[in-house]
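Kindly produce the complete structure, drawing on both the sequences and the hints.
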Amino acid sequence: MSKITVTNLKYKYPHRDNLALNNISFEIQPGEFIGIVGENNSGKSTLCQSIIGLVPHFYKGGYGGSVIIDDIEVYKSDISTLCKKVGLIFQNPFNQVTGSKETVFEEIAFGLENIGIPRDEMIERINFSMKLLDIEQYKDRNPFDLSGGQMQRVAIASIIAMKPEIIILDEPTSQLDPAGSEEVFQAVTKLSNEGITIIMVEHKIEKIAAYCDKVMLMHKGELIKFDTPSEVFSLDNLSDYGINPPIFTSICKKLNLRKDDNNYPVTIEETLQLLKKERSYEQN
Amino acid sequence: MKSITLYEYKNSFLNHIDPFCKLLYILAALSIPLILGVSVTKLIFIAISIFLIISNKVFKKVIPLFTFSAIIILTAIIIQGLFYSNNKHIILQLGPLKFYKEGLLFAYHIALNVLNILLSFAVLIFTTKPTDLIDSFVRVGFSPRFGYVLSSVFQIIPQMSETMSTISDAQKSRGMESEGNLFTRIKAFFPLISPVITSSLINTRERAIALEVRGFNSTTKKTFLNQQTRTRKDKIINIILLLLIILSSIWRIITCLK
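Quick mapping for you: the protein sequence lines, in order, are chains V and F.
The first sequence begins at 1 in UniProt numbering and counts up one residue at a time.
The second sequence begins at 1 in UniProt numbering and counts up one residue at a time.
It should be emphasised that the hints constitute simulated quantities derived from the structure, not laboratory data.
For glycine and all other residues, C-beta sits at the position ideal for the given N, C-alpha and C.
Selected chain V positions facing chain F (Cβ under 10 Å, derived; list incomplete):
no., residue
1, G87
2, N92
3, E106
4, N142
Partial selection, computed: residues in chain F whose CB lies under 8 Å from chain V:
no., residue
5, S151
6, Q155
7, I156
8, R207
9, L211
10, E212
11, R214
12, G215
13, F216
14, S218
15, T219
16, K221
17, T223
18, F224
19, Q227
Derived lysine-lysine pairs resembling DSS-like cross-links, with alpha carbons at most 25 Å apart:
no., chain 1, residue 1, chain 2, residue 2
20, V, K76, F, K222
21, F, K10, V, K139
22, V, K139, F, K129
23, V, K76, F, K221
24, V, K84, F, K222
25, F, K57, F, K233
26, V, K85, V, K131
27, V, K85, F, K222
28, V, K163, F, K222
29, F, K221, V, K84
30, V, K139, F, K222
Rendered as structure tokens:
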């Protein structure tokens, strides 16, 4: 059974005329790692927020169609129920710190206290998630005293401790330096390997191509294509949607190097493999 | 980050006492002198508070409180000593200023009250982590939202003042004069305060979302990471304080009946 089923989802923010999401339908299977790409204002964040129920429950506004997670319909449920199944991490690590806790350890506990997890299990979960994100050494520091990357990992750990089955990351690395964003990607890969369904909005297209099972291409509130990275990035009119393909794909497009399925390679490994094959042809 | 709390962990006796014990102490220190109507009890409680403050190594931090209260007390002494309505007996004459006995006595009672209130609260505030205090309130049934608002103040205010200094640096680097006479400073205030307010509004919205996704509005019963540590010591102190309050009430009632 699909983990997330979205059918004909339409949404309009209050006091706006245009549809932020226009007739979107897709299905996501358990354990998949999905990347969402698209230019600014294409509805990526809104789509993310519609899965955890912030759209429509937090923002209100016009809503049509349905989002179903396992067997819960988002529209008929509420955020405090959904947050046990779906976790959301967003751009600014600074604003994700609750501001009411004095140590990283307590900060991670915040969500668990709210959903009523018994104390022993709470400590166990906090230790697990701190270990997973490699932030054990900051346990007793004040969350506000950490760097952006460290803070973002605390934010992710706080969500992971709540044991969601789906984790949504909305541009989690856009405010981080290369080292910080690599840390985040490593952590997310670990989670994906644990079997958690991951949905990630990201502008670093090479990373999306390397890590994701499938990619969603969004444009002006519509879902243009939802397929494997090489299918999506091999689209001829990709630049019409304001997206540049991964650098390896651009090079191979110019060289007209195609894989067996007629698509261009999207990662450095695929490109290398293809080049090696070409070379062995030439040598023969 | 700069902290705005007065609390500092000293691993002292009072650091490990349940916040409610200290609240009960405040109640006792304020109510018992009131019930008994004997001002010596105020002196006793002041002495106890000072003893507790010194023995818990926070005396240095309490000194500013003394200087603050000294101003109030001094004003009371001057005003009451000179102008108290029941003044009859002159006790001291400094040129044209006549200090009266009744007024000075009245000022003495005010001073005792001020010191008693300040010091008994100091016992609580200087030795209790604010979040512990708030947690114990939430535990007995206060709304967690209310608790969040209170405890976030301790972090968000320093955070805002940091934003403020960043913005003020940015404005200065673009040539805005922010130092000088009162008028320049008022002029500099508006371009400074409006980005602070707008940015905190935007931050508030995002933080609201962050809280939502962490189950802030969840209706399940909240649990707590920090265990409530009500030891036997706490219970004994509570019982003693309660007994004192009850006994003094009984004593007062009996003396009234006589």
